[in-house]
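J.: The primary structure of each chain is shown beneath.
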Amino acid sequence: MNSNGSSNNVHLSPGRRSWLRFKANRRGYISLWLFGILFVLSLFAEILLNDKPLIVSYQDELYFPFLIAYPETAFGGDFETEADYSDAYVRDLITTGDNWVIDPLIQYSYNTINFRSELPNPAPPSSQNMVGTDDRGRDVFARLVYGFRLSVLFAFALTAIGVAIGILAGAVQGYFSGRLDLIMQRFIEVWSSMPELYLLIIFASIFQPSIWLLIILLSMFGWMGLSDYVRAEFLRGRNMDYVRAARAMGLSDISIMRHHLLPNSMTPVITFLPFRISGSILALTSLDFLGLGVPPTTPSLGELLRQGKENIEAWWLSLSTFIVLVGTLMLLIFIGEALRAAMDTRKH
Amino acid sequence: MADKLIQVENLKVTFKTQGGDIEALRGVSFDIDKSENVAIVGESGSGKSVTALSLLKLHDEKHVDYPDGRIIYQNRDLMLASEAEMRAIRGQDISMIFQEPMTSLNPVYPVGVQIQETLKLHKGMDRLAARKVAIEALDRVGIKEPQQKIDSFPHMLSGGQRQRAMIAMALVCDPVLLIADEPTTALDVTVQQQILDLLKDLQKETGMSVLLITHDLNLVRRFADRVCVMYEGEIVEQAQSSELFKHPRHEYTQYLLDSEPESRIAEIEPGKNTVIEAENIRVYFPVRKGFFKRKVGEVKAVDDIDVELRRGETLGIVGESGSGKTTLGMALLRMQDSTGRIRFRDHIISDYREQQMRPLRRFFQIVFQDPFSSLSPRMTVEQIVGEGLKLHYPELNKAQRYDRIVKILQEVGLDQGALWRYPHEFSGGQRQRIAVARTVILEPDVILLDEPTSALDVSVQKQVLNLLSELQVKHKLSYLFISHDLRVIRAMSHRVIVMRAGKVVEAGAVEDVFENPQQDYTRELARATIYY
Chain A
1 MNSNGSSNNV
11 HLSPGRRSWL
21 RFKANRRGYI
31 SLWLFGILFV
41 LSLFAEILLN
51 DKPLIVSYQD
61 ELYFPFLIAY
71 PETAFGGDFE
81 TEADYSDAYV
91 RDLITTGDNW
101 VIDPLIQYSY
111 NTINFRSELP
121 NPAPPSSQNM
131 VGTDDRGRDV
141 FARLVYGFRL
151 SVLFAFALTA
161 IGVAIGILAG
171 AVQGYFSGRL
181 DLIMQRFIEV
191 WSSMPELYLL
201 IIFASIFQPS
211 IWLLIILLSM
221 FGWMGLSDYV
231 RAEFLRGRNM
241 DYVRAARAMG
251 LSDISIMRHH
261 LLPNSMTPVI
271 TFLPFRISGS
281 ILALTSLDFL
291 GLGVPPTTPS
301 LGELLRQGKE
311 NIEAWWLSLS
321 TFIVLVGTLM
331 LLIFIGEALR
341 AAMDTRKH
Chain B
1 MADKLIQVEN
11 LKVTFKTQGG
21 DIEALRGVSF
31 DIDKSENVAI
41 VGESGSGKSV
51 TALSLLKLHD
61 EKHVDYPDGR
71 IIYQNRDLML
81 ASEAEMRAIR
91 GQDISMIFQE
101 PMTSLNPVYP
111 VGVQIQETLK
121 LHKGMDRLAA
131 RKVAIEALDR
141 VGIKEPQQKI
151 DSFPHMLSGG
161 QRQRAMIAMA
171 LVCDPVLLIA
181 DEPTTALDVT
191 VQQQILDLLK
201 DLQKETGMSV
211 LLITHDLNLV
221 RRFADRVCVM
231 YEGEIVEQAQ
241 SSELFKHPRH
251 EYTQYLLDSE
261 PESRIAEIEP
271 GKNTVIEAEN
281 IRVYFPVRKG
291 FFKRKVGEVK
301 AVDDIDVELR
311 RGETLGIVGE
321 SGSGKTTLGM
331 ALLRMQDSTG
341 RIRFRDHIIS
351 DYREQQMRPL
361 RRFFQIVFQD
371 PFSSLSPRMT
381 VEQIVGEGLK
391 LHYPELNKAQ
401 RYDRIVKILQ
411 EVGLDQGALW
421 RYPHEFSGGQ
431 RQRIAVARTV
441 ILEPDVILLD
451 EPTSALDVSV
461 QKQVLNLLSE
471 LQVKHKLSYL
481 FISHDLRVIR
491 AMSHRVIVMR
501 AGKVVEAGAV
511 EDVFENPQQD
521 YTRELARATI
531 YY
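Protein sequence lines correspond, in order, to chains A and B.
Going by my numbering, the first sequence opens with residue 1, and the numbers climb by one from there.
Going by my numbering, the second sequence opens with residue 1, and the numbers climb by one from there.
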């Protein structure tokens, strides 16, 4: 009777087996790779897409303009201001003679305005701008890459904070239950009936809008949906025999919550994770679309969508943003699906 | 052959799963005569319930395949019958009662409505006529005051009454065959007996046949005319009941008969080595009512009980569900608030706060009834068994801890390969071994065994009981053994407490209580379980 089931995967650690389960979901696995590559590339956007050269060798000295701002005078120019490397005069200074330059792959940053464009802005895709320019002459591709990075980082931060607060609140409510649970539940009811959007509009007019303000404001409200589920799981779990066995063993409350209840309450957390991340991306996008989001110069997908709406004939604006958004959300959801299967220890 | 009611020939059933097909039945043949009681006996997973469901074709078509076999009923092959034809047979000719009366009755309708539904459907009765018949049916199954009880919701009835209502529902259309799938498993022993007696009486009265599905050989001995023993999807032996118990031919039948728990009472060291001494233990639960939650009364779950437990001794606590035996056990281990004095060694633990109790916790351990909910599904066996070690023996390093875990797993009969696996990968008996390993590794003095074998098959039950008594001798453990099963208690305990409604009905050495019960209640309990 004892040999029953011990035939395969005996010596695999739990983590390794989770990874195998994740890999078994081909779609999620491929999505993870694709998303990982895109995200890592976007993290190095300053090296790939920048209007400043990576390395300049001027009179046998090395300069790193993408990291450090040098005045034009450093390269023998006239102005004390930072050198404009797309300017023909400056370019001439740093390329003549023994001087050389290593440029990024694409020589536009998210706020570089293409003054040399022969077409009126927004300009359609051309040899200069592969996805065209927006209404201020900025390169759409560069803005998409930087916007993608900002959206994803924003979503990760918002989700992490929301999940942490949600789990903490739900765990405390569910485990201790009784009066504490009652008070917190009432607080959540009051708090969740606050009109989030109006608060955002009000705060946007009081404070200088910034990405941090957005994270703080959205985090204050984003945890509530999740805490309800975690609370329910803890309420269910605290009466299970394995929790009583743990209490009989003399484990402390915190240790029971962490090692016994939390792992068994992760199902709703994991299930909602991909939706929370994509929801956060959408939240930022729609706030930017409404003009309540990040400050105007910040690269953002929502702002590009709004430009697309205002310049309906400039198809490259809305179409490219649409593809990036849908692609990102789809990859995230596929990954989330595989993650869910990986976390299910009962699945072989 | 004219008196054959139903004939099953070479029935095969396969379950379609993602991992491939599973053969649940591999050619089962049996028949049931008119007015005959046939029992199918087998352990969980042997295919006995699958057989019962197949007779009515109640399996989900999407997941189940019938590759071969015929079920002949009234010169028709039910395997070829359409869904509409089957519906006419179900409830009308052949009806069924299930194990769990709480879940098989719909909680949002009164029982009367559920009985009347069958009547309206099959007999085309109107509301008033159906109600009249339903009251008669409830009366027939021995429910007192059927006029009032007909409007009760399932939760207002006791377990026995619910099962009676289920039987009334099944019998209301005068079926020729009643399939009873573990009809008494969820009930208390004394109630079990009543239900079986009722079935037998009704059967005599109406002349129907009964197909009883059960894992409990004892039930069968009393009840069935003929017995089919099932093992891994096949009927391995089929014989008249009296014949089967006298001369079991197949080795599996012999094994099953053999696995009745045998007495394993170990000698206790002489002298008064009291481990736990408790006086006047009381646990009252307040009953609160109204808006301000005013206290209007008390439920006396444990009412003034004294307990003494010696080193190496097993104290059996017997009683029906709701008698307060688990509450008493929990109170003794300070897992449940109580009044009274509890002494453990030199500690008066009834005065200790939770903080003071924690270091002592390792001396009191619990093994629960359900090995499926007592192990955290997200932890590996190594984590489960090693957790208490980490807490109570922080001086051990990782390698020492590992050694101890491996050693204890060997002691409970599991190999090293179990370490990395999760609880769901083990059978019920193996899980219970893990639960035992988790407690014994802490070298406790007292283990509370809360129905440790009730959820297990009989043959596994015996193995676990043997393991427990081996460990008791080896580690000088004291057991508080809670069970409703007197046979198990008798096999394991030195002394026994019989509880009813929070009070001790009878207490003493196990032989005295069982051989010479002083109280009616104890006698009734003993009669219901022990009759060899």
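Please note that a few of the clues may not be correct.
Claimed, not checked - Every beta carbon over 10 Å from chain A, so not counted as near; a handful from chain B, in silico:
#, residue
1, Met-335
2, Tyr-352
3, Leu-391
4, His-424
5, Asn-466
Claimed, not checked - Sample of chain B residues at the chain A side, in silico, Cβ under 10 Å:
#, residue
6, Lys-62
7, Gln-369
8, Asp-370
9, Pro-371
10, Ser-374
11, Leu-375
12, Gln-383
13, His-392
14, Tyr-422
Keep in mind the hints are simulated off the structure, nothing from the lab.
Computed from a predicted structure; not experimentally measured.
From the three backbone atoms N, C-alpha and C, an ideal C-beta is built for every residue, glycine too.
J.: Look at each hint and say if it fits the structure.
T.: Going through the hints against the structure:
1. Met-335: Contrary to the label, Met-335 (chain B) does not stay out of reach of chain A, its closest Cβ about 6 Å off (not over 10 Å).
2. Tyr-352: holds, 12 Å
3. Leu-391: violated, 6 Å
4. His-424: Per Cβ check, His-424 (chain B) is inside 10 Å of chain A; nearest 5 Å; violated.
5. Asn-466: holds, 13 Å
6. Lys-62: violated, 20 Å
7. Gln-369: With a minimum Cβ separation of about 8 Å from chain A (threshold 10 Å), the hint on Gln-369 (chain B) holds.
8. Asp-370: holds, 6 Å
9. Pro-371: holds, 9 Å
10. Ser-374: Holds. Min distance 4 Å.
11. Leu-375: holds, 6 Å
12. Gln-383: Where the cut-off is 10 Å and the nearest Cβ of chain A is about 8 Å from Gln-383 (chain B), the hint holds.
13. His-392: holds, 7 Å
14. Tyr-422: Hint on Tyr-422 (chain B): holds, closest Cβ of chain A at ~5 Å, below 10 Å.
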